[in-house]
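Given the structure of chain A, go ahead and fit chain B onto it with the hints provided.
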Amino acid sequence: MKRTAAFLLMLAATCTLLSGCYDGKEIDDQTYVIAIGLDKGETNKLRMTLQYAIPLAMGSSGVSGGGGGGGGEGESKSIGSMTLECPSVYSGLNMVNNSVGKQVNLSHAKVMVFSEDLAKDGRMVMLTRAITRGKEFRPNMVVAVSRGSAEDYLKSIKPRQEADPSKYYELKFSGYKYTGFIDQTQLHDFFIKEESTGAQAVAALVGVNTKNSTKEFSVGESSAPQKNRPVPFEGDYLAGNLPKVGDIKGEAMGLAVFNGPKMVGELDGEESTHYLMVTGKYGHAYVTFPDPIKKDFYIVVNLKQSRRPTYKIKLVDGKPNIKVEIKLEADYMSIQSGINYESEYNDIFERSAEKYLEEGIKRLLNRTSAEFHSDIFGFGNQYKSRFLTWDQWKNFQWLDRYKNSTFEVAVDVKVRRTGLTIRNAPIQGSEGEVQSP
Amino acid sequence: MQESKIVFGKWETAALLINALNVQVFLNFPRTMAERGGTAGWILAAYISVLAFLLFLLISRLYSRFEGKDLLDLGEYIGGSAGRIIVGIIILIHITFIISIILREFAEDMKVISLPASPISFVILFFLSGMIAGAYAGIEAIVRFHAFIVPIILAGYLIIIGGVAPYYNISNIMPILGNGAYAIFGSGFFRISSFSGLIALFLLFPFIKTGKNFKSAGSLAIGISSGVLITSALTFLLVFPYPSAIEGFLPIFQLARLINYGRFFQRVESIFVMIWAIAALLYLSMGFFLIVYVFSKTFRLEYYRPLIIPMAIIVFAISLWPKNLMSAIAMETVYFRSAAWAVTFGMTLLLLLVAGAMKKRNHRKEGDRK
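Order-wise, the sequence lines are chains A and B.
First residue of the first sequence? That's 1 in the numbering used here, and the numbers climb one at a time after it.
First residue of the second sequence? That's 1001 in the numbering used here, and the numbers climb one at a time after it.
Honestly, the hints are just simulated from the structure, not real lab data.
These figures come from a predicted structure and were not determined experimentally.
Cβ coordinates follow ideal geometry from the N, Cα and C atoms, glycine included.
Careful, some of the hints might be misleading.
As the list claims (entries may be wrong) - Using C-beta positions, here's what the derived DEER-type ranges look like: (1) Y1261(B) with G246(A): 30 to 38 Å; (2) K362(A) with Y1261(B): 30 to 38 Å; (3) A13(A) with K1360(B): 49 to 57 Å; (4) G246(A) with P1119(B): 49 to 57 Å; (5) E359(A) with Y1261(B): 32 to 40 Å; (6) S1219(B) with P55(A): 52 to 60 Å; (7) Y1261(B) with I422(A): 32 to 40 Å; (8) Y178(A) with I1318(B): 54 to 62 Å.
What the hints assert, rightly or not - Using 25 Å as the maximum straight-line C-alpha spacing, the simulated DSS-like pairs for lysine-lysine come out as follows: (9) K1005(B) with K2(A); (10) K1212(B) with K1010(B); (11) K77(A) with K155(A); (12) K362(A) with K177(A); (13) K40(A) with K262(A); (14) K25(A) with K1111(B); (15) K414(A) with K362(A); (16) K1323(B) with K135(A); (17) K244(A) with K167(A); (18) K227(A) with K294(A); (19) K394(A) with K312(A); (20) K1005(B) with K102(A); (21) K135(A) with K25(A); (22) K1005(B) with K1069(B); (23) K135(A) with K1111(B).
Bound-form chain B, shown alone:
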């Protein structure tokens, strides 16, 4: 693939990951934290952030022996073509599922907020056309656009969480342990799936080239994303006390609607709609590119662009599977965000451990032969 010659730096990679990890903030992350942790939803966000960072450090340490190789390369290293295809198919199912569901969620949310009379398929096609254009432009365009836009998205986010400061009430996050230590530190572990977007880093390693960039970009992205995830859950709970917090459909939108400084600084949710749509489009474009990229690499296809339209049709069709918004939300929050850790962290660690063991054994064999 021509993209193999493309190299991007630390900030570009980090920006892509920051958007991939934080796009859920604009959907339902603060609410799901409140559902699980109660008044301690923000502690749960902090806990999974620490876990994700520790796991990432472990993965980057294991990855140091496979610099420049993505998960498919690791699969191939372990099991040849069969290994590559198995890993590729697992990743394809994983990414296609979440991108299709997120596409549906964003379209539904847009319909609720701004386009109530438009048919859902029409709204999905809006996003899909952007995804197709992004995939045609390629990963370099997508990544460079992320580097430029992500700071703007972060600034918009800061305006929203700062703007609702007059509504903060510290007593809203009491009792401090919310739904209890087990809900946070026990079953809350599986919410590490909120960092499943890190899989993009493990797939784009060939474009990053050096292990140093891999580690620093990943650390920077997890650091900034943790800040965003924790502050989103904390701000939402400071403004909407538990249990009212678990009712909100779009937490950050609901926060933005409250901002009201005098007669002139009102209706800030228009900023929300803009940054939200941009973040969604960037995330979906990146995810859609990964689908066609992984497919072409899995099956050793020289060109990925002919796959774009067929894949777009598949994604469009899957996005229409959920019979309603509630089903789409449940598919994301109940199923995906509970199980995605198994692919992003579980499979990656497994591949790295097995590949590492094989490499060590091969080295030993080579040493014996010598």
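Just chain A, same shape as in the assembly:
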């Protein structure tokens, strides 16, 4: 009997070898897609662009790791791309499989870019619902909206500093931790917010910068005029509008705002920073403030969020009144005026920075309620705890009430460090002390 049992156990163990009978896949028998772009088609429902890795080129490129991005005019041998028109994502994959020698594998896809058109007519949400059904698409994949064509955006990406193109996308979309200009909107997060009764979705905004000469730069492309600024700050741009020329054409800057299934607006880089501060996802970044004492001078600090923001939400005459408290810490990076803010004027800077941020954040909050009617911060989710049952909460219709919200913002900025300089000594010239120009 023991022999029979041992034989059967051995037989059961060998069963594991049979798993390759139908589903065996060799790693080098697959085409690994790293980015997917979806646009409205001309001859069919969708125009799908697949960007895939070319492992042989990656292996022979001799480029080793390192940081940084890429994307530019030169040809990148580590990625290839293909664009086709198809009725749906899955049928498109079938068509691609018919063209490429190896079967398409999506398990390494890092980003899915939708054109603005698809986002605005609601089909982007329909498509994300479809792809969450497939196990091939990972929930950590970044969802982005392209200002213009998704195809153009993906084709503008040609990593030259990265041997591994998937690493390029991972680094690019995690850069929000030290820029604050986008949010890393993952498929999982986008999907649950689309179904949420207390929050609405945003998606990272990407675009192609078409400038070939510095002569094409224009203040009008920034949001500075709307903010009454004589010159734009670093966050006053949307993807594709940055005043820069160079090899890197693809940009990620700002957020697309959704109300239900449809994209209803765009936030620029600065508003995205404020969005991250309000939601508590802000890491740290260099932020420019106007000098409170000397006009037309700027103070740059490395600003980071020290605590989770707190919210107090109450109903006033049936309208939500939302108080947000944000605590930030700053390190001086640059004081153009040379004024000694580090010591005697520190309080003046802190109060000024607080006021500046409060105004900016309040402007953003008012835009989301009055202009977009979209609670992208998830205040509703905070307010849910006031209800006992789901039906009571659902009948409250938070998302409908949000458009009438009023806001109060309190920002607390504390300067902690001053970099390697503790005070500024005056600059000396033949006429004695010289003021900064």
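Here is chain B on its own, set in the frame of chain A:
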């Protein structure tokens, strides 16, 4: 049967029960809790855990007068051979149904996750071969293997629920009462069927021998299983807010897919697939052994091993009854998990109460005669 000489201890018994009670976590338990309780699905899990523990205490108290006797022995005590056969047939139908359906579900899930091109019968045969091998090896091998593997399964589970901590959002479990007090504490009562795996304890009492071990193994298993069931429902709801939570096909797999720490600690679902397959195989082996064991004991057959292949064919055939995955899930979650309490708790309590009354009456008669 030769197994009657086998005795196993508290931890071995508890490990077997822990796996029997928690295997549903890897299938659809967190989602069914969310379906029933809404944002309060985890409270429902806690509620049925408390109920199960109280019922178990009651049963173990009643069982103290029938130490070492399983449900079939109780049936025989009450109604002779007819009683034993009736109880045996009810248990056989109960276990054969759930093992066949769970076999189908695991095979379907494996097909969806890892083996999309393999025919379903081929995948079922994988599990079935393991079940057959387990049944041949006998209950001792199955139980000892549980004692060794269950801690590994629990560790894998903890990695998954801990790994998704960055996605936790406490507001997801608000409003606190979810679909309402009645959905949780009223109609939610029938979800006590989630503890139907306890029937294994009531069938394996002859192998445990002492009432003390019976009580402590059962309490330990319910305690640990309650922790797993509650945390699974809670974690799932903290990550997937209601109503998105009721869409997920395999909740724990979907949690595992989210784990992503930097560029190197990703794709943890491979751990899930491994612990999931091991847990499934152990559970199915234990369940399949119980089928042949109960059959042989019901009909007083000296050997159970000749039954293994015929029973395997029956289980295989029943597992192919559901016309698709949705039917298999519905059979488990809608029918079995709503009604299984009647056999595990209802029938057991009834047998114990009747047998207890008869024992008391017999004692009284004996006392009168003296």
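Here is what the structure says about each hint:
no. : hint                              : in the structure
1   : Y1261(B) with G246(A): 30 to 38 Å : holds, 33 Å
2   : K362(A) with Y1261(B): 30 to 38 Å : holds, 36 Å
3   : A13(A) with K1360(B): 49 to 57 Å  : holds, 53 Å
4   : G246(A) with P1119(B): 49 to 57 Å : holds, 55 Å
5   : E359(A) with Y1261(B): 32 to 40 Å : holds, 37 Å
6   : S1219(B) with P55(A): 52 to 60 Å  : holds, 55 Å
7   : Y1261(B) with I422(A): 32 to 40 Å : holds, 38 Å
8   : Y178(A) with I1318(B): 54 to 62 Å : holds, 58 Å
9   : K1005(B) with K2(A)               : holds, 17 Å
10  : K1212(B) with K1010(B)            : holds, 9 Å
11  : K77(A) with K155(A)               : holds, 13 Å
12  : K362(A) with K177(A)              : holds, 22 Å
13  : K40(A) with K262(A)               : holds, 15 Å
14  : K25(A) with K1111(B)              : holds, 15 Å
15  : K414(A) with K362(A)              : holds, 20 Å
16  : K1323(B) with K135(A)             : holds, 22 Å
17  : K244(A) with K167(A)              : holds, 24 Å
18  : K227(A) with K294(A)              : holds, 19 Å
19  : K394(A) with K312(A)              : holds, 20 Å
20  : K1005(B) with K102(A)             : violated, 59 Å
21  : K135(A) with K25(A)               : holds, 16 Å
22  : K1005(B) with K1069(B)            : holds, 14 Å
23  : K135(A) with K1111(B)             : holds, 12 Å
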